[in-house]
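Undergrad: Residue strings, one per chain:
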Amino acid sequence: DVKVTQSSRYLVKRTGEKVFLECVQDMDHENMFWYRQDPGLGLRLIYFSYDVKMKEKGDIPEGYSVSREKKERFSLILESASTNQTSMYLCATLLTSTLYEQYFGPGTRLTVT
Amino acid sequence: GENVEQHPSTLSVQEGDSAVIKCTYSDSASNYFPWYKQELGKGPQLIIDIRSNVGEKKDQRIAVTLNKTAKHFSLHITETQPEDSAVYFCAGGSYIPTFGRGTSLIVHP
Numbered sequence: 001d002v003k004v005t006q007s008s009r010y011l012v013k014r015t016g017e018k019v020f021l022e023c024v025q026d027m028d029h030e031n032m033f034w035y036r037q038d039p040g041l042g043l044r045l046i047y048f049s050y051d052v053k054m055k056e057k058g059d060i061p062e063g064y065s066v067s068r069e070k071k072e073r074f075s076l077i078l079e080s081a082s083t084n085q086t087s088m089y090l091c092a093t094l095l096t097s098t099l100y101e102q103y104f105g106p107g108t109r110l111t112v113t
Numbered sequence: 114g115e116n117v118e119q120h121p122s123t124l125s126v127q128e129g130d131s132a133v134i135k136c137t138y139s140d141s142a143s144n145y146f147p148w149y150k151q152e153l154g155k156g157p158q159l160i161i162d163i164r165s166n167v168g169e170k171k172d173q174r175i176a177v178t179l180n181k182t183a184k185h186f187s188l189h190i191t192e193t194q195p196e197d198s199a200v201y202f203c204a205g206g207s208y209i210p211t212f213g214r215g216t217s218l219i220v221h222p
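Residue numbers (the working numbering), protein chains in the order written: chain A, 1 to 113; chain B, 114 to 222.
If you're looking for bench data, these hints aren't it; they were derived computationally from the structure. Any given hint could be a false lead.
As the list claims (entries may be wrong) - Here are the computed lysine-lysine pairs in the DSS-like style, where the Cα-Cα straight-line distance is at most 25 Å: (1) A:Lys-71 with B:Lys-155; (2) B:Lys-155 with A:Lys-3; (3) B:Lys-184 with B:Lys-150; (4) A:Lys-55 with A:Lys-3; (5) B:Lys-150 with A:Lys-13.
As the list claims (entries may be wrong) - Ranges of calculated distance between the beta carbons of each label pair, as one might list FRET restraints: (6) B:Lys-155 with A:Phe-20: 37 to 47 Å; (7) B:Lys-171 with A:Lys-57: 15 to 25 Å; (8) B:Asn-166 with A:Arg-14: 47 to 57 Å; (9) B:Ser-139 with A:Val-12: 32 to 42 Å; (10) B:Lys-171 with A:Arg-14: 45 to 55 Å; (11) B:Gly-154 with A:Glu-101: 18 to 28 Å.
No residue lacks a Cβ here, since even glycine has one placed at the ideal position from N, Cα and C.
Build out the structure end to end from the sequences listed, making use of the hints.
TA: What follows is the structure, given as structure tokens:
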């Protein structure tokens, strides 16, 4: 079974803090994704990575950056957290570009006060 | 880019009834349409998917239909059970899917 883990289930940070959300997968999936989930808005793609050190912007990259130094780890960085970044953050992986099933982690609920 | 609309946002049914969730998409090049179920406190999990060369797919109590001409696809759950209560997301696209806004399905015992 594919396992996708996220470093924290719940996180509370202050406005202006630098925040790191980490995602680790235990299978050899090339592709990793960061989504943001808000009620009534579904899942919106922030960034994705199709290989180590490679990254692409998704639909809502503003205020975020990512890092992928190793294949199994994909980090989402909020350089200066703001209250409008309070949300549920989901990490996902995908095996290859021909098998489109995504595997999601349990999510990190981030609150910025 | 792709735009996926999903309806209804909330669906309440009695146990044993059927439930239908509908989605439309905009990009005729989209060729993969998955459905994900998200239970409380968990990440979404794929429950069924359909590719553009197939019109219908069934897996026990769940089925998905695709109408490429009209650019819409639907999820059908028959004989609903309380454990079917969850948020369901449709998605469309290919390698990078675009998700609908989700449907909260409530099955009353």
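Undergrad: Run every hint past the structure and note whether it holds.
TA: Hint check:
For the given pair, Lys-71 of chain A sits about 24 Å from Lys-155 of chain B by alpha-carbon distance, which is consistent with the 25 Å threshold. Proposed proximity of Lys-155 of chain B and Lys-3 of chain A is supported: the alpha carbons are some 13 Å apart, at most 25 Å. Of the pairs offered as hints, the one joining Lys-184 of chain B and Lys-150 of chain B holds, with about 22 Å between alpha carbons and a cut-off of 25 Å not exceeded. For a cut-off of 25 Å, the pair hint linking Lys-55 of chain A to Lys-3 of chain A stands: about 22 Å separates their Cα positions.
For the suggested pair Lys-150 of chain B and Lys-13 of chain A, the alpha carbons sit about 29 Å apart, so the restraint of at most 25 Å is broken. The hinted range of 37 to 47 Å is not satisfied by Lys-155 of chain B and Phe-20 of chain A, whose Cβ atoms lie roughly 23 Å apart. One distance hint, 15 to 25 Å for the beta-carbon pair Lys-171 of chain B and Lys-57 of chain A, is violated here, with the actual separation near 38 Å. Checking the proposed 47 to 57 Å range against Asn-166 of chain B and Arg-14 of chain A shows it holds: the Cβ atoms sit about 51 Å from each other.
In this structure the supplied range 32 to 42 Å holds for Ser-139 of chain B paired with Val-12 of chain A, their Cβ-Cβ distance being about 38 Å. At roughly 50 Å, the beta carbons of Lys-171 of chain B and Arg-14 of chain A sit within the given window of 45 to 55 Å. Take Gly-154 of chain B and Glu-101 of chain A: their Cβ atoms lie about 21 Å apart, and the range 18 to 28 Å holds.
Consistency with the previously given hints fails for numbers 5, 6 and 7, ordered from lowest to highest.
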